[in-house]
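S.K.: Here's the letter readout for the chains.
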Amino acid sequence: MARKPKLAVWKFASCDGCQLSLLDCEDELLAIGEAVEIANFAEVSRAVVRGPYDISLVEGSITTPHDAERIHGVRRASKVLITIGACATAGGIQALRNFQDVKEFISIVYARPEYIRTLATSTAIADHVPVDFELRGCPINKRQLLEVLLAYLHGRRPLIHRHSVCMECKLRGTVCIMVSRRVPCLGPITHAGCGAICPLYQRGCYGCFGPNESPNVSSLSDAWLSAGAAPAEVVRVLQTFNAAAHPFADGAAALATRRVNATEQGA
Amino acid sequence: MVSPNSKVILERDRLQTILDAIRAQGFRILGPTVRDEAIIYDDISRVEDLPIGWTDEQGAGRYRLCKRSDQAVFGFIGGAHSSKQFLFLPREMIWKVVREGKGFRFVDTQRDSAPLAFFGVRSCDLHAISIQDKVFMPVDPGYRARREKALIVAVQCGLAGKTCFCASMGTGPRATGDFDLALTEILEKQRHYFVVEIGTQRGAEIMEHVSHQAAAASDLEKAEAATRRALSQMGRTMEASDVKDLLYRNYEHPQWDDVARRCLTCANCTLVCPTCFCSSLEDATDLSGDQSERRRQWDSCFNLEHSYLHGGNIRSSPKARYRQWMTHKLATWQDQFGTSGCVGCGRCITWCPVGIDITAEVRAIRESEKRHGND
Ligand code: SF4
Ligand code: SF4
Ligand code: SF4
Ligand code: SF4
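One line per chain: the protein sequences are A and B, in this order.
Take the first sequence: its letter number 242 is residue 242 in our numbering, and every next letter is one higher.
Take the second sequence: its letter number 164 is residue 1164 in our numbering, and every next letter is one higher.
Hints listed in this document are in silico derivations from the structure and should not be mistaken for laboratory results.
As the structure is a computational prediction, the values presented were derived from the model and not from experiment.
Ideal Cβ placement from N, Cα and C applies to all residues, glycine included.
Treat each hint with caution, since some may be false.
[Stated by the list, open to error] Okay, the calculated beta carbon distance ranges per label pair:
#	chain 1	residue 1	chain 2	residue 2	range
1	A	R156	B	R1371	35 to 41 Å
2	B	D1257	A	G195	22 to 28 Å
3	B	G1177	A	V80	57 to 63 Å
4	A	R156	B	P1004	52 to 58 Å
5	B	G1177	A	A227	41 to 47 Å
6	A	H246	B	E1305	18 to 24 Å
7	B	F1106	A	R50	41 to 47 Å
Working from the sequences, and respecting the hints, build out all of it.
M.R.: Written out as C-alpha cells, the structure is:
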C-alpha cells in the first residue's frame, strides 16, 4: 500500500475552536485516521512526526515577531498549506487591535509591559506566506473542512462556494428576515458556508465567514441606515471576527468618515 | 355530473371536502400557510392550515404579514415561495457512481414520490410553470416526472399587491387555462363561497366527490368583478411590448452603473423568481474515493462562478451581472424560448434586500431615451 499522506495541524493566535472542528467530525474521524497519518496535532497527541507534511492546516493569525518567523518554517515543511478560520484568513477578532494603539493597551494591562513582545497588528497567514486554500468561518464548518481535506486527498477542487449567505437562505427556504421583519442582516455581503443558521432563528447574519466574492458594503450600509441603524452600529457589526478583511474594514472606515462629516455639519 | 369548462359553486364551509378529495387520490398537497411571519408554500391538509384572515403588504424590499378585518381564505397575494421549489428542487442528486473492481456502476437516485397537488396557484405563477416547462420538460426527467403528475388548483386573484404587474406582462390577473380547478373567492356579509372553474377531466373527477351547486349568472358576474378589482389594484406597470429592443439598444446605458452601485449581487431576485432556472453541477467524492455523487443545486447569474469559463470570468463586474439578469428576463429569453422570462409576479422587487425594482430600472432607461433620443 502507498504511504499515507501526512497531515499536520498548526496553531497561531487563535482560540483552538477551528482545529477542534476536526475532532468534531466524530463519524468520519476514524476514516480520516485511516486515510492520513496525523503527524502533528497538539490537540490530539503530543507525538510529533517530522516533516515534510503533505497537508498542513493552519489555524490562527500572526500577532508576534516569533510567529511571523515560525510560519515560514511551516510553509517550508508543507506541500499544501490550508488556512482555517477567520483568524488565519483575516486576522480574527484580535485584528481589532489594528485600529487601535497597541502600546497603550499593553501599558494599561500589564504590570511589566517590557516583557510583552507583540506586533501592532494581527494579520492573516496569506499576508506572510503563500497559501493554497483559505477556508473561512468563525468557527469553520466541519462539513466544509472535511470537503477540503477530501478534495486535496483526491486531487480535486474543493466544492466551497464564495457567494452570499442569501443563497443558503433561499436554498433552505428561509423567509428573508431583512425584508419581512427589517432585521439588519449581513448575509448579502457575507461568504456562504454556515448554511444560513442565524436567519433561520430570526437573527441577522453576523458575518462570521467574512466578505463574499463581491460584497457591496456601501449599499448594504445604506440599507441598514435607512432602516434606522446608527452609523456606529453598522461599524460595530462590520468590526467583529473579520474586522480586518478589506471590504469590511474599508466599509467601516467609510462609515466613520461619514459620521465625522455628519457631526461637523451638525456643529 | 360536472365536466371540463363548467363552473359550479362551493360553499366556504365545504372547502375541506375539496382538500379531502385531493388527498384521497394520493396527492401530497402543497399550499399557502403562515410560517415565520410570512405566507409560504408548505404541506397542508386542513383548511385551518391556510392563511385565513391574513394578508400581506408588499413594497420594494419590504414584506409585512398583517391581519385582515375579515376571514378571507385567499386574501393575500404571492408569497415568499412559489411552486418552483417543489418542481425544480433547490438541491437534487442526479446520480451516484460506485467503484466495482476495475470498473464502476451507476446507481439511479430518482425516487418515486407522491404526486404533488398545488393548491392556490395564482395566474402569474401558472404562466411561470409553463415557462419552466419549456426549459425542463425536454431535458430533465426528474422535473418531468413531478410535473406530469402534478395537480393544479388555481386561485383567481381578487386583490393585487403593490409589486404586482402581471397585467402589463399579459399573465393575469385572471387565469384562463393550465389548471385542473380554479377557485374565485366571494366573501359577502351573508355568504362566503367559491366559484369553481373546472379545467380538466381530472378536476371534474375531484369535484365528483365534493358537494357543490350550480352557479348562477350573478355568481359568475361576482367572480368577474373580483378580477376587475385586482386589475384596478395592480401596483406596478411595465411597458413590455418593445422592452426587448429597448434593452438591446441600451447595453451601454449609464443606468447600469447606477443600479450596480445599489445591487448587492446577493442573488435573491433570481432565486425567488419563479422562472429562473439556473443550476450548477458538482461531483462530490467520499473519503474512500469509491463513491461519487453528482449533485445539482440552484445557481444564479449574480454568482461569479456562474460565468466562469476556462481562463476567466466573463461577467466580473456587478454591472455586467445585473445587466445579464434583467436582459435575460425581458429580452434574450424571448429569443431563446419565444416568451418573456418575466411574468410580473413582483417577487424580485419585494425580496430584494435593497428594493431594486425591475420596472423602475426599465422605466429609467426608457425615459432617458425619451429625453435624449435613442442614439
Ligand atoms: S435573511 Fe439575510 S442572509 Fe437571508 S436572504 Fe435575507 S438578507 Fe440574505
Ligand atoms: S423577474 Fe421578477 S417580477 Fe418577473 S417573474 Fe421574475 S420575480 Fe417575478
Ligand atoms: S436571469 Fe440569471 S439566474 Fe435567471 S435564468 Fe437567466 S441567467 Fe439564470
Ligand atoms: S437586484 Fe437586489 S436581490 Fe438582485 S442581486 Fe441585486 S441586491 Fe440582490
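S.K.: So which hints don't hold here, by number, going up?
M.R.: The structure conflicts with hints 1 and 2, although it agrees with all the remaining ones.
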